[in-house]
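Engineer: Sequence:
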Amino acid sequence: MTDSALLTLRTMLQERADLMKTIHSKNEHWKYKGFEELVLNCGREMEAIPLPKKIKLGIPKQCYFNCIELIQKHQDLTYVEGYALDADISFPVAHSWLMNPQGKAIDPTWKSAGLCYIGVPFSTQWVLDFLEARKQRGRDDYLSLFESNYLEEFSFLKEGVPQFDKSGV
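Just so we're aligned, residue 1 is where the sequence shown starts under UniProt numbering, counting upward by one.
Derived from the structure by calculation, the hints contain no laboratory data.
Think of the CB as a built atom: it goes at the ideal place given N, C-alpha and C, for glycine as much as any other residue.
Be a bit skeptical, because a hint or two may be false.
As the list claims (entries may be wrong) - Computed spacing ranges between beta-carbons, pair by pair: (1) N41 / V93: 35 to 41 Å; (2) S25 / N100: 38 to 44 Å; (3) D140 / T2: 19 to 25 Å; (4) P101 / E69: 17 to 23 Å; (5) S25 / Q75: 41 to 47 Å.
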C-alpha cells in the first residue's frame, strides 16, 4: 500500500462523501449521508497480502458471496466491507474482502490484490445473524451489507453501524 494510493482513495471517497452530503441534505437526522462518509469515519486502512494457499480464488465479481462463504470456513478471518482501489480501475470500488488476525487484507475475488483498502470489519457471528434476519424477511442471497442496506431502510446511514468500534462489529 503506497501513501499515494491511500491518499487517492481517501480523496476520492471524501469527494463522494461531500457530494452525498449535498444530495441528502434533507436527511438532516441521519448520522451519515452516504456509505463513503461511514467508511471514512468507521473504516480501517488495510494493506493487502497475497492470497494464502489455504484459500482459493473465488468467483469474479462476487466479492460479497466469496467472503461470506469463506468466513464460515475460516474462523480466523474477518469479513470487511468498504472500498478498494485497483491498479486497473481509476476510481474507488465498493468491495468486500477478508482481514487476517494481523489486520491485513486478503482479497479472494480479485486476481491481484488491490492497491489499498479502507473498510469496516464485522465479526462472523454478527454477519451471519444479520444475513439470517434478512433471510427471515425473504432475502436469501449474499448482497452487500452496505449497498443493500435499503432493505433495512438505510439503518446504517441513519444510526451508524451497530456496536461499532475500531476493532470491528
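Engineer: For each hint, tell me whether it holds in the structure or not.
Structural biologist: To see whether the hints hold, each was checked on the structure:
no., hint, in the structure
1, N41 / V93: 35 to 41 Å, "19 Å, violated"
2, S25 / N100: 38 to 44 Å, "40 Å, holds"
3, D140 / T2: 19 to 25 Å, "40 Å, violated"
4, P101 / E69: 17 to 23 Å, "19 Å, holds"
5, S25 / Q75: 41 to 47 Å, "43 Å, holds"
Hints 1 and 3 from the list above are not met by this structure, while the remaining hints are.
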